[in-house]
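Per my numbering, residue 83 is the first one in the sequence shown, and the count goes up by one each step.
Note that these hints are calculated values from the structure, not bench results. Using N, Cα and C, we set each Cβ at its ideal position, and we do this for glycine too. Any given hint could turn out to be false.
Claimed, not checked - Straight-line distance between alpha carbons at most 25 Å, and here's what the computed DSS-like set of lysine-lysine pairs gives:
no.	residue 1	residue 2
1	K353	K477
2	K458	K477
3	K458	K136
4	K458	K353
What the hints assert, rightly or not - FRET-style restraints, in silico, Cβ to Cβ:
no.	residue 1	residue 2	range
5	R475	S276	41 to 51 Å
6	C491	H245	54 to 64 Å
7	G287	V504	32 to 42 Å
8	A532	Q348	53 to 63 Å
9	A495	A350	15 to 25 Å
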Amino acid sequence: MNPDGYILVYNPISNEGHLDSWHVLFVDMLRQAGWRVIAVSTDPRALRAKLLAKGLEPSDALVVFEAKQHHATQASMMRQAWQALNTGYDKVRYQGRPKTLTQHGHRLGILFAHRVVGIVHSAYRRFRLGRQALPSSDEAQPRTESVLQPAQFAAAVNEVLTHYPGQVSHVLNMYIDAYRIDEEAWRDVDFIESTPWSAVCITPGAEPVEAYYQKPNYRGTCFLDELVCNHYQQTLPDRHFEYMPDIADVDLPATRTALTQQIIAQAAGRKIVFLGGSIGKQKNLARWYDVIRRLDPQAWYFVQIGRINRNNLTPADQRALDSLVVDHPANLFVYPDYLPDERHFNDVMAASDIIFAVYRDFTRSSNMLSKAAYFKKPILVSAAYLMGERVSRYKIGLAVEEDSVDSICDGLAQLSAIPDLVDHFEAYRQDFNLDVARQRLSRFIQAGLAS
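Go ahead and model the full structure; you've got the sequences and the hints to work with.
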């Protein structure tokens, strides 16, 4: 191992909203701390563009490396096609009624295609489920469509090690909680060099039961929760755990985007309430739409931005979402996809008045808190978990009952009355910022090299 070599920063998930922005932030922090970096992504072109937007040009000290994607199976190709069509379907279904003949024609085409592909997709899934009853070598290992395979991670790292032999000091996996955790999945996962590695875990379990903790070269994990970090350190004292403040990309575009201008024009002076990110069951859609229908449409305007995860909605959420097709509130704007540039996402947030983050059963942190503090927007969260504790401690918003429409509506009305909000935002930014995160990340890497 070369202690002065590269830090390999591996992002296993590309083009998934703020996950890409975190990859860039970590690369930026490591470079500012003086580390040489190899940034590995399945979409290097998009990564280069994001790095350049941060003023980071590829060089000998910053290498962008493509992780070649494995041969797509029929199942993965079908999932990708179905996801792409679902996104187009959501855009025509949940963005209100079309106003022109061309828009009507486009909408009918998307709806027809979605219906046809949906039939094919359902038939294919039934066919696959039927085949799974028969033993075969292809089905010998347990697998799931919702998690990543550790072997793919090792293959990507080994490809880098082949191109840069003896030059990589440490490997950092950005999203270790996206992988399978069982022993069988990790048993034969090894690098071709004895390179130490560590990871960032966004959604940790209660106990460190993951099989990668048994790998001899695994050094430890970064968490976004101090209490989890302390518990894991006590449980596994031979590993190193670091608390990382939940940072956020807060860059804005040079000029206001067309999307933001459209939202401001449609809001027409009403108070803008923003809900953004991956739209799954934790976003609490059923209560979100209940609140929209309860409050005065002449005073409030609601904005929802993010791809809808259909496989991760509760029945109540799905019913509430479907109700938009029949009765779409005039004071609700829906963009059911990721915005390709985090700055555009930030631009909409910065133009809003309130950040809505009353998530359901959401135990971890969210970078919405940092964005709210940096853009000086009061945030409404659930009182039940970590976000509620942080908002109450720093007084940057209010914590309410996540399943109570009355509590949420009252909270929205009371946010503007919080005293000294500007001072509270500044206090939050003092503890959650890139300088603090950079120091902790550098210390974490150093500990991995020293152990």
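Okay, the hints, checked on the actual structure:
1. Between K353 and K477 the CA atoms are separated by roughly 21 Å; this keeps the pair inside 25 Å, and the hint holds.
2. A distance of roughly 12 Å separates the Cα atoms of K458 and K477; the hinted pair therefore holds under the 25 Å criterion.
3. Only pairs whose Cα atoms come within 25 Å are accepted, and K458 paired with K136 is accepted, the gap being roughly 22 Å.
4. The suggested pairing of K458 with K353 holds, with an alpha-carbon distance near 15 Å, which does not exceed 25 Å.
5. The hinted range of 41 to 51 Å is satisfied by R475 and S276, whose Cβ atoms lie roughly 43 Å apart.
6. Roughly 57 Å separates the CB atoms of C491 and H245, a value that falls within the hinted 54 to 64 Å.
7. Checked against the given bound of 32 to 42 Å, the beta carbons of G287 and V504, roughly 38 Å apart, stay inside it.
8. Range check, A532 to Q348: Cβ separation about 55 Å, and the 53 to 63 Å hint holds.
9. Taken as a hint, the range 15 to 25 Å holds for the pair A495 and A350, whose Cβ atoms sit roughly 20 Å apart.
In terms of the numbered hints stated before, the structure departs from none.
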